[in-house]
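Undergrad: Here the protein sequences come in this chain order: A and W.
If you count the first sequence from 1, position 213 lands on 213 in the UniProt record's numbering, and the numbers rise without skipping.
If you count the second sequence from 1, position 144 lands on 144 in the UniProt record's numbering, and the numbers rise without skipping.
These are calculated hints, taken from the structure and not from any lab test.
Remember, predicted model here, so these are calculated numbers, not experimental data.
Among the clues, some could well be false.
Because identical chains cannot be distinguished in the list, a pair is counted as satisfied if it fits within a single copy or across any two copies.
[To be verified] Distance condition first, Cα-Cα at most 20 Å in a straight line; then the derived EDC-like pairs of lysine to aspartate or glutamate:
no., residue 1, residue 2
1, K31, E92
2, K69, D95
3, K27, D95
4, K61, E86
5, K61, D80
6, K61, E15
7, K205, E110
Protein chains: 2
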Amino acid sequence: MVNGIKPIASRSMAERVEASLREYFAKENFKPGDPLPTELELAAALGVSRNVVREALSRFKMLGIIETKKKTGMVISNPDIVGTFEKVLTPEIMDESTLQDLFELRLVLEMGIADLLFLRKTPADLDELDEIVAREVKDKHFRISNEIAFHGKLYEMTGNETMKRFQNLLLPVFGYVMKLENRKSVSGKVSHQDLVKILRKGTVKDFKDGMQAHLQPHFDRLQHQKSKP
Amino acid sequence: MVNGIKPIASRSMAERVEASLREYFAKENFKPGDPLPTELELAAALGVSRNVVREALSRFKMLGIIETKKKTGMVISNPDIVGTFEKVLTPEIMDESTLQDLFELRLVLEMGIADLLFLRKTPADLDELDEIVAREVKDKHFRISNEIAFHGKLYEMTGNETMKRFQNLLLPVFGYVMKLENRKSVSGKVSHQDLVKILRKGTVKDFKDGMQAHLQPHFDRLQHQKSKP
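For reference, chain A alone in the conformation it holds in the complex (with noise of 0.2 Å):
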């Protein structure tokens, strides 16, 4: 399967209704909250039967592209991308040049939001991080829950409701790739406390180069591998 293309007859009918009501859906034109026809419509007017339309129905479902109301029945819905990439996002069984991909995807991340929290930082987001170090200093054993702490929060700063989201999810990931490596608890020259220091007073760009440093470890390991594996 290449790109999400595969032969017309390898698809199993459940694919082909499916992408049936993409095509009708876009052509439509349907809004979230517009009514659907129900099943037996959608059976007659497709030539297929009830239990296969039933099953592209339930992928739409699981998406969030369309829910059952109590009184209205099926109608279109606003797809909750986040979610239904948690429901793939299973590191157990992912492939490692995948997880490495995603590993990459979060350190771009964490390097690329700084602009996004010099716009929106707020003097109770600062207090709060400033907490969050502090219970670092006391508790070092935590280390990965510190991590989680300190670096959600910063997500969270970014009023980025979807991205926070997703970093929540890459974070697993992140801990896998860690344990395969078997690293222990590697820190950059700048520490968590630094950074939140560069956030009070420092600009944009000390921001950077901050988390540059902060990160440079991660990067060290890329460029020791050099290629991907």
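Starting from the known structure of chain A, arrange chain W on it as the hints suggest.
TA: Same frame as chain A, but now just chain W:
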């Protein structure tokens, strides 16, 4: 529905079977290639109808977590995370707040890829960027396709297949948001041509500053609107 939680009683049978199968896959530590019990066996074990099991399995097939092999029957598979994302990324029916989130997500990725670019760029990549820029200067009418070609090539240069496919998916969102805002071709002070020069002769930091200047009009708009819609 709050963060994927909903009352047990309101879950459909397909949802309940889906959840049970997820637990089962995790507990049995299934890996890609491992064969699964048949539909009938699963229906008997779960005490539900074969139709409901087929519906739940169909969901896993759509996510790429299960595939059907000609002789072996159903096996666990390496899920296609970007393909799944694609299935749910339907700008027409997504609410504005989510579209805005995805727009920002793409900005963050653009700002964050500098380190990977400098780690993996090759002379052939830079030559290809020169060609793209040359076409761009000649053909001013195809601004959007030039944009796609240039930024798409940057993602390709990261050597990260997941990120490349992910940004491809975000492209229509980018276009959609710009259309909603009725924006004309607004460019920052640093052009694509300038960015290629920096990639050839500058440092990672120069490139970060350059990309920041290139995307400045977008950040200005975010600054202007202050809080999210």
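Undergrad: Each hint: holds or not?
TA: Verification of the hints:
1. In this homomeric assembly, K31 and E92 come within 20 Å of each other (Cα to Cα) only across copies, at 7 Å, whereas the closest approach inside a single copy is 36 Å.
2. Taking CA atoms no more than 20 Å apart as the test, K69 paired with D95 passes between copies only; the shortest distance there is 19 Å, against 38 Å inside one copy.
3. Taking the closest pair of Cα atoms, K27 and D95 come within 20 Å of each other only across two copies (19 Å); inside a single copy the shortest separation is 37 Å, beyond that limit.
4. For the identical chains of this complex, K61 and E86 are neighbours both inside a copy (15 Å) and across copies (15 Å), given an alpha-carbon limit of 20 Å.
5. Taking the shortest alpha-carbon separations for K61 and D80, both the intra-copy value of 10 Å and the inter-copy value of 19 Å come in at or below 20 Å.
6. For the homomeric pair K61 and E15, the shortest alpha-carbon distances inside one copy (15 Å) and between copies (9 Å) are both at most 20 Å.
7. Both within a single protomer and between protomers do K205 and E110 lie at most 20 Å apart by alpha-carbon distance, with minima of 14 Å and 16 Å respectively.
Comparing the model with each earlier hint shows no violations; every hint is respected.
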